[in-house]
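One letter stands for each residue in the lines below.
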Amino acid sequence: MRIVATDCGSTTTKAILIEERDGVFRQTFRGEAPTTVEEPFADVTLGVTNSVTELQELSGYRLIADDGTIIRRRSQSDADGCDLYISTSSAGGGLQMMVAGVVREMTAESAKRAALGAGAIVMDTIASNDRRKPHEQIQRIRELRPDMVLVSGGTDGGDTKKVIELAELIAPARPRPRFGGEYKLPLIFAGNKEARGAITRCFGGEGFALSIVENLRPTLEQENLGPARERIHDVFLEHVMAHAPGYDRLMSWANAPIMPTPGAVGDILQTIARGRGINVVGVDIGGATTDMFSVFGGVFNRTVSANLGMSYSISNVCAEAGMDSVLRWVHLDMDERELRNRVKNKMIRPTTIPQSLEALVFEQAVSREALRLAFIQHKAFATTLKGVQQQRTVGDAFSQDAVGKSLVDPMAIDLMVASGGVLSHAPRMEQTALMMIDAFEPEGFTQIAKDSIFMMPHLGVLASVNARAAMEVFERDCLILLGWCVAPKGEVRAGRPALEFTLSGGPSGGNAEVAKGQLVGGEMRLVRFPLGHSGKLEVRPEKGLDVGAGPGKPVKRTIEGGTVGVIIDARGRPLKLPTSPSVRRSAVAGWQKALEIYL
Amino acid sequence: MSARGSLWQRIVGGLIGTLSLAALGGVSVSASAAPPPDFVEAIDVPWDAGGVLIVSWRVDGDPSAITGWLIERREEIDGAKWVTVSELPAAAREVTATKLSHDHAHRIRVTAFGESGQLSKGLETAPTLAHANFFIGAKLPLFVGILVVSTCVIVFILSARAGRPIKIRRIAALDAVDNAVGRATEMGRPILFIAGIQDMDNISTVAGITVLGHVAKTAAEYDATIEVPTSRSLVMEAARETVQASYLSAGRSDSYNPDLIRYITDEQFGFVAYVSGRMVREKPAACFYMGCFFAESLILSETGNSIGAIQIAGTAESTQLPFFVAACDYTLIGEEFFAASSYLSREPDQMGSLKGQDAAKLITAAAIVIGVVLATLASLAPDGAFPAALTWFKGVLGS
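Going down the list, the sequences are from chains A and B.
Going by this note's numbering, the letters in the first sequence line up with residues 100 to 698, in that order.
Going by this note's numbering, the letters in the second sequence line up with residues 508 to 906, in that order.
Worth double-checking, as some hints may not be accurate.
Claimed, not checked - DSS-like mimics (lysine-lysine), calculated; alpha carbons at most 25 Å apart, straight line:
1) K478(A) <-> K674(B)
2) K674(B) <-> K675(A)
3) K292(A) <-> K790(B)
4) K790(B) <-> K588(A)
5) K588(B) <-> K504(A)
6) K790(B) <-> K260(A)
Claimed, not checked - With beta-carbon atoms standing in for the labels, derived distance ranges:
7) L698(A) <-> E842(B): 33 to 41 Å
8) H524(A) <-> L869(B): 50 to 58 Å
9) R671(B) <-> A341(A): 55 to 63 Å
Hint data in this document are derived by calculation from the structure and do not stem from the laboratory.
This structure is a prediction, so every number in the text was calculated from the model and none was measured.
For every residue, glycine included, the Cβ atom is placed at its ideal position computed from N, Cα and C.
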């Protein structure tokens, strides 16, 4: 079987070839070409054809016909062509949506979750309690040019008054669609079913293409995002993509619906988390935005931090985190004025890459802060449902947990997946691993991996057509296993014993001792444990420190090797860097030396 | 009465004894009489609230003839009579006369009893005034305590005013107010607020009305309906003014409806019957019970639970807390309830005051722990230094 998958990004279109060899699906070749959505080409299929042509040249198979279309095989014996063609797209800024709901923390938040989960960028959330006056809300709606609007509000049989009030704000504001004014703006209503009649009357006229789906909060205790997400995908294809240049042709080529790129990434992470029964955190740090994905206990969440990125948004990262926070990760003497110039240069010349060690150290320090801030935003968004009735016993008198508790638990993270330029293209894998550890502060045992060539979007769509192929390629070719991070939760004392560890194993497992040692508070150590090796790692933390089994209790786990190995982090959690600049610099330099970050 | 009776018995006995002795041989009375005191002095107790004199006396003669002492007092005004202060054993040489008037001086007379009950000649003190002092020395620890508490409160208020962050632990019940009001808004149902069944002279009702102000403001912002049935007419008036002010501050004064805040009845179970019936019929999405509750707590909270409402309760009645904790989503327990206004308002003065009081409570708790430890050690090692340390510590605390 031969599968061609493309991802039409804003700047480049990436094509990969997946082949079944010896009963196993592997990614074999990769091609890349500039995206051609914008003028003068204004046809996305040209970029797709160019990237697949590169695949054709590398693989030796004929994949592109003379008319520029992708050749399909009629049988397995055909030498040329492919069996399946699938694609994702984030070209032209991806799917941009405006969402609305009655209460910001309830139906509006569910609507936002549905939109983000479907791969959209949420431009704004309108709610009856968003502390804006109606004229301000109308002004904002008029300013936005979304691809689609999602309106929610009220439980089934619940409030209709405010849902209609919301509709009466949006309808007269007449938000204009992004792609020209000749087509009707798609509007999905996923609210109180008793308000459907009034909503139809409100949006039934010209200017809106109304579609109604099941309520995404039929009761406050239940969230039903599936129908709204599916409808967003459908509308994305029917309306948004149909009006983007060349997408009608591209859709006719594809064997599966074209998905927004982040939606596809979310799908593959959910598939992996479900398949392995693990909790996953994924990040894709771009130039303008940072996408965070998480699956905890089977619940998927995605956030887009619109102003956190490594080129267009780098200035905002420095402003939001503060230059002091950025520079705390730097072990070299740097002139702050020069750094500010460097930040602005990166913003106006986004494709430049660091030319010196100093520039690299600084860029990676900025990325730590961007990732940290994005993770904070993600933790605040990925919460349990709000407005839910609690059941108590008398024993809860002094432990009355609040609703809206974050689902993201650093101790429960089993796998962290990194992607995006600064992480994927870091000169050394150790740098990627340390950036992830510093930003996300995982606790206990956590496996770290990176997306080799940003293949996750392709595999997300592939999972909907051929789940086995997607899983096999994901595990063998997509992920580069960097290794493991083992970090105790709790406050450590500098220089005092924090933990002891014993690592045993080898290429075929076994009990041969690989490494053994003791770490003091504030220390990091790297134990090389190559890819393909497996073994047992036993960690015995000191009293008050927890590596997963409770304070002071030892944990023994089976681990696999990685290109980096096992990083044992005895800096404590939450991570506190020394306050004195000189001590901090020497500590950071010590960690970098221990992990062989900058040789 | 017994002291007076005893005195008469002794006087009569003494007379009979004297007459008998005279009849038998003409022996002198003075030969067997108790010697009178040679010196008597009354001193006003310093640093006290007044009305107390310390009386001391001395006997130079043979004390073996003395069987006891009669202490009497007389106000230094015309027509005043001698009043017995106390009767003491022979060994006594000092007594504290209490409950004396501050307005006039007193004379104290000390008389000795002989073996047969006869009385010696009494000796009086000079008129002495047991006057009240400006400062009561025994209350010094209390004064120091008040100074410490006040200093804590003032320091924290000034600190809060200066913009220093004051951390107050999260109180889930108060954080959940937005959730409860949001639920009511999404479900299109009213919010029910009960400010207890007591009047405005009850501190819990006042605290409940404070919380009502916050809930009403949130309800106004969400444009939700809030109903406040009351069991006291004064509470209704206070609730109306509070809710009106909240709607005004939220910029929704037009949405304020005074008819939703109404007086039902003073009768405890009449009120409960009305509220329960209303809950079953209207099915409010959020119920707040903030105030003083008694037997009705479980009836109300169970009814609210059965209709699926988010329920938040707050009371200082320890007997009702288990019912609220079991039946409600969130419960403000005792102090949390009274701290609610500063927690909700986040005003520096209130926050500083709360923090200062917490610091004072911490000091008190530390004193209790030290006292318990010393008392335990003193009982385990009565011969060591701990009993002395315990006595000293009690002295420091003024107990």
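Exercise. Quick one: which hint numbers does this structure break? Sort them smallest to largest.
Key: 4, 5 and 7
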